[in-house]
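Novice: What follows is each chain in one-letter form.
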Amino acid sequence: DTGVSQDPRHKITKRGQNVTFRCDPISEHNRLYWYRQTLGQGPEFLTYFQNEAQLEKSRLLSDRFSAERPKGSFSTLEIQRTEQGDSAMYLCASSLAVGLGELFFGEGSRLTVL
Amino acid sequence: AQSVTQLGSHVSVSEGALVLLRCNYSSSVPPYLFWYVQYPNQGLQLLLKYTSAATLVKGINGFEAEFKKSETSFHLTKPSAHMSDAAEYFCAVSDYNQGGKLIFGQGTELSVKP
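Those protein sequences? They're chains A and B, same order as listed. Each residue of the first sequence is one higher than the one before, counting from 1 in the numbering used here. Each residue of the second sequence is one higher than the one before, counting from 1 in the numbering used here.
I should point out that these hints are in silico values taken from the structure, not numbers from a laboratory. Keep in mind that this is a model prediction, so the values were computed, not measured. Beta carbons: idealized from backbone N, C-alpha and C, even for Gly. Heads up, some of the hints might be wrong.
[As the list claims (entries may be wrong)] Dumping the calculated EDC-like pairs for lysine to aspartate or glutamate here, alpha-carbon to alpha-carbon at most 20 Å: (1) B:Lys-113 with B:Asp-85; (2) B:Lys-58 with A:Glu-102; (3) A:Lys-57 with B:Asp-95; (4) A:Lys-57 with A:Glu-68.
[Unchecked claim] Footprint (simulated), chain B over chain A, 3 or more residues, beta carbon under 8 Å: (5) 18-31; (6) 101-114.
Just need the whole structure built from these sequences, with the hints factored in.
Specialist: The structure is reproduced here in structure tokens:
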């Protein structure tokens, strides 16, 4: 399977703990995006990378959130000192930097903060 | 800034009936527009996309959408609903001047009654 993969699919944690999600994009895609989706809402943009450079961060991405893409391949999204409001589905997508802008999504990582 | 509004958070149709899901966009530049579908606990799958070619766009699973610049609309239709069409549908506009990220609407949940 050469699609976007995310790990873990589900994470339950206690408030105050740190969590990290990993995303492996489609191998030839140089853009990688993180989105957050809460129940009944559309995906909200968090940040994106072109190769290893983080080019944009949303205001939604508080200082407790950090994302990296160290070698321009996989990416990690870390949430420090989790809060109950962080409970959501975290979606990763990838695309080519040229072309028609289609994003390919992974199946998401669902976070539940108790 | 670009934005998308989906009219109706929930639409219910009978099997075999016409499906119409409404989407209006706001964009200061010619838009790229997309419809994605999301099944429970899964990521988003592209249904179709408009990229300034033909205004009537055909997608997968019998869906199509028509770009109407005068109405700033990109409504999704399917002539005959099937039970398997029950899912969440998202309209999105591409901010291709800013990294190609997608800006999503709130989503419309489609229910199909037997």
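Novice: With reference to the structure, classify each hint as holding or not holding.
Specialist: Each hint, compared with the structure:
no.: 1; hint: B:Lys-113 with B:Asp-85; in the structure: holds, 11 Å
no.: 2; hint: B:Lys-58 with A:Glu-102; in the structure: holds, 15 Å
no.: 3; hint: A:Lys-57 with B:Asp-95; in the structure: holds, 14 Å
no.: 4; hint: A:Lys-57 with A:Glu-68; in the structure: holds, 12 Å
no.: 5; hint: 18-31; in the structure: violated (count 1)
no.: 6; hint: 101-114; in the structure: holds (count 9)
Of the numbered hints given earlier, the model fails hint 5 alone.
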